Structure formats: C-alpha cells, structure tokens
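These protein sequence lines map, in sequence, to chains A and B. In terms of our numbering, the first sequence opens at residue 1 and continues consecutively. In terms of our numbering, the second sequence opens at residue 311 and continues consecutively.
In case anyone wonders, no lab produced these hints; they're calculated from the structure. It is possible that some hints are incorrect.
[Said to hold, decoys possible] Just some of the chain B residues that point at chain A, by a computed CB distance under 7 Å:
id	residue
1	I318
2	F319
3	R323
4	G334
5	W347
6	K349
7	S352
8	R415
9	E460
10	L463
11	L465
12	L470
13	L473
14	R474
Given the structure is predicted, the values throughout are model-derived calculations rather than measurements. All C-beta atoms in this analysis are idealised placements derived from N, C-alpha and C, irrespective of residue type, glycine included.
What follows is each chain in one-letter form.
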Amino acid sequence: MTPSNRRAQALDWVVRTNDPDFEDWDAFTTWLEQDPANADAYHALLASEAQVSPYLETVAGHNIVEPAVTAGVPSKKASRAALWLMPAAAAAAIGVLLVPRLTTEHYVTRPGELRVIALGGRDQIVMNGGTRMQLAGFNRRSVRLQDGHILLRLQEPGGGRIQVESGDLDLVDVGTIFEVRRTGTITEVGVSEGAVVADPGGASLRLDAGEALEASDGAIMLRSVPADVQSVGGFERGQLIYRDTSLSRVLRDLERTTGLDFSEGAVISGPSFTGTLSIAEVKRDPRSLEPLLGIKMKRVGHTWHLNKGT
Amino acid sequence: MGHGLHSIFEQNRSQLLRYMRAHGAADDAEDLLHELWLKIQSVPPGPIGAPRNYLFRAATNLMIDRRRSALQEQRRQAEWIEVSDRLPSSPANDPGPDRQWDGRRRLAMVAERLEKLPKRAVQVFRTHRVDGRRQREVASDMGLSQSTVESDLRLVYEALDDLRKSFDEE
Numbered sequence: 001m002t003p004s005n006r007r008a009q010a011l012d013w014v015v016r017t018n019d020p021d022f023e024d025w026d027a028f029t030t031w032l033e034q035d036p037a038n039a040d041a042y043h044a045l046l047a048s049e050a051q052v053s054p055y056l057e058t059v060a061g062h063n064i065v066e067p068a069v070t071a072g073v074p075s076k077k078a079s080r081a082a083l084w085l086m087p088a089a090a091a092a093a094i095g096v097l098l099v100p101r102l103t104t105e106h107y108v109t110r111p112g113e114l115r116v117i118a119l120g121g122r123d124q125i126v127m128n129g130g131t132r133m134q135l136a137g138f139n140r141r142s143v144r145l146q147d148g149h150i151l152l153r154l155q156e157p158g159g160g161r162i163q164v165e166s167g168d169l170d171l172v173d174v175g176t177i178f179e180v181r182r183t184g185t186i187t188e189v190g191v192s193e194g195a196v197v198a199d200p201g202g203a204s205l206r207l208d209a210g211e212a213l214e215a216s217d218g219a220i221m222l223r224s225v226p227a228d229v230q231s232v233g234g235f236e237r238g239q240l241i242y243r244d245t246s247l248s249r250v251l252r253d254l255e256r257t258t259g260l261d262f263s264e265g266a267v268i269s270g271p272s273f274t275g276t277l278s279i280a281e282v283k284r285d286p287r288s289l290e291p292l293l294g295i296k297m298k299r300v301g302h303t304w305h306l307n308k309g310t
Numbered sequence: 311m312g313h314g315l316h317s318i319f320e321q322n323r324s325q326l327l328r329y330m331r332a333h334g335a336a337d338d339a340e341d342l343l344h345e346l347w348l349k350i351q352s353v354p355p356g357p358i359g360a361p362r363n364y365l366f367r368a369a370t371n372l373m374i375d376r377r378r379s380a381l382q383e384q385r386r387q388a389e390w391i392e393v394s395d396r397l398p399s400s401p402a403n404d405p406g407p408d409r410q411w412d413g414r415r416r417l418a419m420v421a422e423r424l425e426k427l428p429k430r431a432v433q434v435f436r437t438h439r440v441d442g443r444r445q446r447e448v449a450s451d452m453g454l455s456q457s458t459v460e461s462d463l464r465l466v467y468e469a470l471d472d473l474r475k476s477f478d479e480e
C-alpha cells in the first residue's frame, strides 16, 4: 500500500470511529491488523486534530487576531464559546462515554486551598482557594471560570492555545502567564508575560505584559489599564498585591485565599488599598489587617466582623 | 453493577485484547485490558445504551492516551537535550516570545488553510467534533446527506493533518 492510500484509509476510519454511533469495531480491528503502519497512520491523524483544532476555534470566527489593537474597542458579544462546553457537560451528566478527549472535568477548591492542575508539558493552571472551574475540549484547553481566581502559566512551546471563558468574556492566550479572577459578574484579567487577546470574536483587545482588564458581563467597551506585573499570580507566592483596589475586593480575595470568613459592615465599601499583604501573616494573625486596611475587627465564632477603623 | 458491563466485558475479552494489540499495545495488552477492567469498576450503576460500544470506546481512549504520553515523553527528552546545551541564564531559555511568535504565525497558517475549505465543511466539523452532535444529527440539522457530512469531515481532518505537518517542518 502506498503511504497516501494508507492515509486515505486512515482518514475514513477516523471519520467513522469518531462518530458516537460507530459500532463496527470488528472491521476496524481487521483493518488495523493488516499492517502495524495502519495504527500509526490512524493515531497520527488523531494527534493532528488534537494539536491543531484549538487554533481552529479562534480562527473559525473569521477574526484573525491582530496585534496592533489599542484600548477602548467596542465589544461585539457573540455566542461562540458556550457551544464548546455544554454538550460535554450534558453528556457527562448522563454517563455517556464520549469520543476521545471531549469530556468536561470540574475542579473546585475550598477557601484557603491552593491547587495546581498540570495541562501537559510546562503548561499549568494554579487555582486559588474558593474557585470553581471546568476544563473541556481537546487536551483540556478550554477553561470556563465560574467563580474565583486562577493563574495560567503557559510555557510549553507548541503546547496549543488556551481559551478561557469567564461569564461572557472570552480570552485567548498568545503564549503567556496571566491570571483571571471572577467575582459575581465581574472579570479581571492581569498579564505578566506574553499577551492575551480578550473577546477574540469581537473587540479583539490585546493585553500585553503589564496590562490589565476589568469587565462586567454585558460590558459594551473593553479597556485595558496599566497593572503591576508583580501582582499577577502573587497568591501563588503567598502575596496579594494591590494598587488602588476597593477594600471589599481585597476582603473577597482574602476570604478566598486564606479561608477566613469576613462579614463586612456597611461602611467598608468606600476607601481603597494600595500595598502588599502576606497571606501567611494574615492567616496567623488576622488582626494584623486592622492598621493596614484601616478597619476594626471583632471575632464572633468563626466569623470576623469588620467595621471602619477610627 | 447493574449496567451489564462486566458480563459484556467477559464476553468480549479476547476481541478487546485483539483490538488493543492491533493498536500497537504489544506486550502491554494484558495490562491495558486490566486497566480497562478497573475503569469499569468505577462506572456508576445504571443502564448503558450500548455496552459493547462503550467498552471499545474506552479501549480506544486508553490507546490514544498511551500513544500521546509516549509522544510527550519523546518531546520532553528532545527539549531537555536542547535546553541542557545552553547556559542556565541564557535569554534563549525564556520560552515566552518564541511561543508567542509561534502562536501568531501558526494562527495565520491555519486561517490561510481554512480559507481554502468550503465554509460548510468547517461548520460540519465544529458541530460534530466541538458541539458533539452525531453525524446523522448533523446531517438532518443542516439538511445534508450522510455521505456529504462524511466527506466534509474528511476534508477538515486532512487539513488539520497537513497543518500539523507544516508546524513540524518549521
């Protein structure tokens, strides 16, 4: 058999066996047995699909990512990414075994817990505490952040692109380290290396190292702002770094990261905080926050009640 | 129990072994079969539509994983040799910009190749492989014949394979 004949036959078998309805396993076995090179050809095609299809997802919206996009681009919301995850989740729920590599996996961390998910090679996701996310798609390269805070470290050469969905905001990596935080309906993105493209199907806003984005679901404009490179992924190193950040957000982060339980008094919302907090120190002595944040703390059971300091 | 997988497994034991060997499992076929058996233990009870299909599908996934991890191991080895040739502090060790550049150029290559495919073929592929619709569902959703769906899928798988080869040649 010539190599191109073999490839043509392998293509037929890939088309057929990747259909969940496929049943003719005996005929497939017979074809594989005819020559060990048949299995090689078959698996080569599957590997190509796994490696290249993440690019397809970005390109299929007919929107090639252009590097020269500046801040303040109108965001066109499209219903792209939702399609990617739903069928897999539905199928998983009813116990159907899916055709290779399309299952959705769910990951949850408790407040105060840190978890590292290896994505193969040097690619990994670090989950802060109090975080819920799903991984799906070929090679688990589709991330849906439901709530919480993750750091993506994507450094495997040729590891394939990662797509992150947070609410109605889509992000695509261009080789990078970045973090995504979802609180309620607000998504924040910070980039410390490489670049990320936000809303690739619409605004295509490019975020480079040292830039950040904050967007709520349904936002009409996406705008990048300068950010501290050091602050990205600080939670992994035991630090939370802020510049002009509202106290209520700082406290929400602290709950996630330390597992402490805060109850905020109404007056907390106003002021903002700039500085670095040590997670270990706050865990050891929560009251150390009092002078830093200008608040008063009172412990009732497991909860810390917070009020404005004097 | 309760889903009949165990008895179907026993009935198909030799077929499954043959199937894994045909995939190139060689001496590991028995071990892989055992792994498959262990997987069945964790399947929650409840009816399974096509248990024989389920077993062969699971066996296929095992073989794909096995091939994939072998491939990754090779890559790691190759990369290690490349990296250890360099000084530890060499800027060439920073994978960031390389990968960025790679990403953008590859994206352009994919876009160019896809332009040459019928739009419908890409749509068929996405509906089937990304959204997870069965081929006959895709056919009826889009008003196509089963054979058109198959030939569209062939085109896209082929394009993806061509692209992977040109990535490798860089």
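Tested hints:
no.	hint	verdict
1	I318	violated (12 Å)
2	F319	violated (14 Å)
3	R323	violated (14 Å)
4	G334	holds (5 Å)
5	W347	violated (15 Å)
6	K349	violated (10 Å)
7	S352	violated (11 Å)
8	R415	violated (11 Å)
9	E460	holds (5 Å)
10	L463	holds (5 Å)
11	L465	violated (9 Å)
12	L470	holds (4 Å)
13	L473	holds (5 Å)
14	R474	holds (4 Å)
Checked against the numbered hints listed earlier, the structure breaks hints 1, 2, 3, 5, 6, 7, 8, 11; every other hint is satisfied.
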